[in-house]
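Sequences listed follow chains A and B, in order.
Okay, so the first sequence: first residue is 0 according to numbering that gives the first Met the number 0, each after it adds one.
Okay, so the second sequence: first residue is 0 according to numbering that gives the first Met the number 0, each after it adds one.
If we take Cβ atoms under 7 Å as the criterion, some of the chain B residues that face chain A in the derived model are: (1) Ile195; (2) Ser228; (3) Gly269; (4) Ala286; (5) Val326; (6) Gly329.
In short, the hints are calculated from the structure, not lab data.
Every residue, glycine too, gets a C-beta built ideally from N, C-alpha and C.
Spelled out from the first residue to the last, the chains are:
There are 2 protein chains.
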Amino acid sequence: MANKKEVQERVAIAGPEIRQVLSLPDYRDRLLELFDDLHPYDIFTLIDGLPYEDIAKIISALGKRGIEVFEYFPDEEKKEIFYCFSKRKMVDLLEDMAPDDRADFLKKLPESLLDDILPLVAQAERNDIRRLLQYKERTAGALMTTEYANILPDMTVEEALNYLRKIAPDRETIYYVYVTDKNRKLLGLVTLRELIVARKTARIEDIMHRDLIKVNVNEPAEEVAKKVSNYDFIAIPVVDNEDRLVGIVTVDDVIDVIEEEDTEDMFALGASGVVHDYTQETTWGIAKKRITWLLVLVFVQFISGAVLQMNSAQLQAMIALAFFLPVLSGMGGNAGSQSATTIVRGLATGEVLIEDFWKIFFKELKIGLLVGGVLGTIGFVRAWFIQHDFRLGVTVFLSMIATVTAATTAGAVLPVIFKRIGLDPALMSGPFIASIVDIVSILIYFQIARLVIGL
Amino acid sequence: MANKKEVQERVAIAGPEIRQVLSLPDYRDRLLELFDDLHPYDIFTLIDGLPYEDIAKIISALGKRGIEVFEYFPDEEKKEIFYCFSKRKMVDLLEDMAPDDRADFLKKLPESLLDDILPLVAQAERNDIRRLLQYKERTAGALMTTEYANILPDMTVEEALNYLRKIAPDRETIYYVYVTDKNRKLLGLVTLRELIVARKTARIEDIMHRDLIKVNVNEPAEEVAKKVSNYDFIAIPVVDNEDRLVGIVTVDDVIDVIEEEDTEDMFALGASGVVHDYTQETTWGIAKKRITWLLVLVFVQFISGAVLQMNSAQLQAMIALAFFLPVLSGMGGNAGSQSATTIVRGLATGEVLIEDFWKIFFKELKIGLLVGGVLGTIGFVRAWFIQHDFRLGVTVFLSMIATVTAATTAGAVLPVIFKRIGLDPALMSGPFIASIVDIVSILIYFQIARLVIGL
Chain A
0 MANKKEVQER
10 VAIAGPEIRQ
20 VLSLPDYRDR
30 LLELFDDLHP
40 YDIFTLIDGL
50 PYEDIAKIIS
60 ALGKRGIEVF
70 EYFPDEEKKE
80 IFYCFSKRKM
90 VDLLEDMAPD
100 DRADFLKKLP
110 ESLLDDILPL
120 VAQAERNDIR
130 RLLQYKERTA
140 GALMTTEYAN
150 ILPDMTVEEA
160 LNYLRKIAPD
170 RETIYYVYVT
180 DKNRKLLGLV
190 TLRELIVARK
200 TARIEDIMHR
210 DLIKVNVNEP
220 AEEVAKKVSN
230 YDFIAIPVVD
240 NEDRLVGIVT
250 VDDVIDVIEE
260 EDTEDMFALG
270 ASGVVHDYTQ
280 ETTWGIAKKR
290 ITWLLVLVFV
300 QFISGAVLQM
310 NSAQLQAMIA
320 LAFFLPVLSG
330 MGGNAGSQSA
340 TTIVRGLATG
350 EVLIEDFWKI
360 FFKELKIGLL
370 VGGVLGTIGF
380 VRAWFIQHDF
390 RLGVTVFLSM
400 IATVTAATTA
410 GAVLPVIFKR
420 IGLDPALMSG
430 PFIASIVDIV
440 SILIYFQIAR
450 LVIGL
Chain B
0 MANKKEVQER
10 VAIAGPEIRQ
20 VLSLPDYRDR
30 LLELFDDLHP
40 YDIFTLIDGL
50 PYEDIAKIIS
60 ALGKRGIEVF
70 EYFPDEEKKE
80 IFYCFSKRKM
90 VDLLEDMAPD
100 DRADFLKKLP
110 ESLLDDILPL
120 VAQAERNDIR
130 RLLQYKERTA
140 GALMTTEYAN
150 ILPDMTVEEA
160 LNYLRKIAPD
170 RETIYYVYVT
180 DKNRKLLGLV
190 TLRELIVARK
200 TARIEDIMHR
210 DLIKVNVNEP
220 AEEVAKKVSN
230 YDFIAIPVVD
240 NEDRLVGIVT
250 VDDVIDVIEE
260 EDTEDMFALG
270 ASGVVHDYTQ
280 ETTWGIAKKR
290 ITWLLVLVFV
300 QFISGAVLQM
310 NSAQLQAMIA
320 LAFFLPVLSG
330 MGGNAGSQSA
340 TTIVRGLATG
350 EVLIEDFWKI
360 FFKELKIGLL
370 VGGVLGTIGF
380 VRAWFIQHDF
390 RLGVTVFLSM
400 IATVTAATTA
410 GAVLPVIFKR
420 IGLDPALMSG
430 PFIASIVDIV
440 SILIYFQIAR
450 LVIGL
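Just chain A, same shape as in the assembly (with noise of 0.2 Å):
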């Protein structure tokens, strides 16, 4: 992601040069001097927040690093680009794109769009869009690309290089050269850097790796990326049902399904929903997707509010009882905020298992134990020296522990249950598992009164 500031600086410094350069007769070889020697992301970042048609008339004059540049804007801004072009200026661009980004690209234009451009696009390239159409979004499928060099097992180091020679243009990467046969079934793989050092009259069948690390097409893409940054790959091949080659998922797309999957964690974690710009998007935007949560919520706290009513009575009786419902309601939510981010981070990393379900029942079990008996403590004291009320002091002491326990170990459980049944972990967020823990710590507290105090 960009950082901002030097976006805005530098847009603050260029933004004006540039646009004024975009009103001359001669502004295409200006654009190339100006932006000569420049990485795409930079024009990027230079060029960001441009009106969209200055930015189409820039993509356009820029030719092959034009579509680079491209591919760096979100999907929205890249649609709002894209109706600035004219329709052959359209085709041209698909057929240029990376396969993997035309693809998740294509699948957020309107079908009609799509109808009027596509049978203009080129036999081959179209064909390809239509393949990577198919594949659901995260799998391997939806995240690799086709321009991947492959070669055959018959040929020697030195046809190989020249062959790599010819095609490197064309290719995503030739670091990692896949070996298949004829019909494309994967049977090894050389890296660019064995094909230097190799003989160059040895054959590839001799010099190849033959036991691979793959993943199918349909596999999701959290695996894929766990299985490249485990292996420390820059790419790993992706096979259909029938071991052929189909594709490879590059390491910098990897890292972008890391963030991701991050960012929606933690965003799950803070029941905040996914906010993906948070400067650019709406109040309005940010205050629906908070709503939607926060409306649960208010209901399960609601029945809190209905418990104390149940026990007013007992209330009444001893208002001190009410001074210390924030600190076990507030407690439990911590705790068991704590349990769930550790587990739910544990379940996204694979550290911790559906299967360790009782392993961790009985850990947070002796961990809420402990803990709420070291914070109980606490509670007994404070009630004792500053209500005189021993018995309340107890009643507070064995609530928080109570609570305390029944946080750690639903914060830890529920996200396992959830994962179980094929939930996203994470939906137990800090949030939830705090308003549930609060309905269970009023009742425990209450009823704890009721046998020590005998209210």
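Chain A is already provided as a structure; the job is to place chain B on it using the hints.
Here is chain B on its own, set in the frame of chain A:
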């Protein structure tokens, strides 16, 4: 990170077999056969969990590949395994480890052991160790490896390729080749892909990229990660203050930085302490991390209790006021968690800036009024219909708006202030914001009750 399930299954199968092999006199040859053609990461997952002496034996037997296996273990386990080696083997290992992993690992060893072995390590490696050890953790310097490939600008493409062929085995990557002068001053970059495609007689200085994206050796790791991920690099050069190339950071280490940072942010937001391997860590260890935060929070919560006590006369006069305490403090906590999560993540990805302070403040103020208005209306309806008290309804309505607005603004603004004064914004966790808002909500509630109901 490893998928623990797979590891467990594989160790269950392979574990006994491996241990049996280790008891044979020709165990070295047997091991080489057993692990033939396996990726070091797979060997790591197979032997992780065996007794440390067995792991040490296997690593010794596997030679260079054994060192790669060793590098996959977490630092704490590395230490235990390391202690099982002979002094001679320790020295060999240190000489052959990747420089970046080695420096990280050595920081974890006791001084006395270092004084004991370092003098035995070869001069070149010893200098390298000394250089890397001086960089602070979480900087480009601590993250980088010194095993980069560099060439001189007056070489031809053919000379460069011949040179790369020779040095390839000792370099972390040769896909990016850095061009330096005799004093290691960084002049440019060529990729191996470009070298393959270029004319053999072309001069490096004529084909290299000159405007390089690079990082200073003291730059924080997260800035390095942002650059590599923004520009889709495989590696980024690290230079000292005189612009001399001192190392490179590769994309696989960048992924680790991103995951590490995200994990820490998430744990900070949940106030749960950083738990790196939940199932490995002891109950005591986890409880200790959590209790630290809870002890801070419990004293904040006691203030809520005290505020409640100050208003006990009112509470006594109208016990129904108590029924709305949980929902007010709960919704305040939830709304605060939501905005804190959004802003902390935004600050981490660079989408939200410290400079946006007032923009954020007013946005959250508006969101708070909107969201609080909706929730307050629901509260009003409930109070009026169930408690049949119009004035209580108005009190709840106004208190909800005030509480939620205070929560959204505090939740958003406090992390920004923390970042501004150089603290980790994620310390303004959901639980912490919730506890502070709790006090505020009780204060507001009784103040409004006094005004509206006139108790």
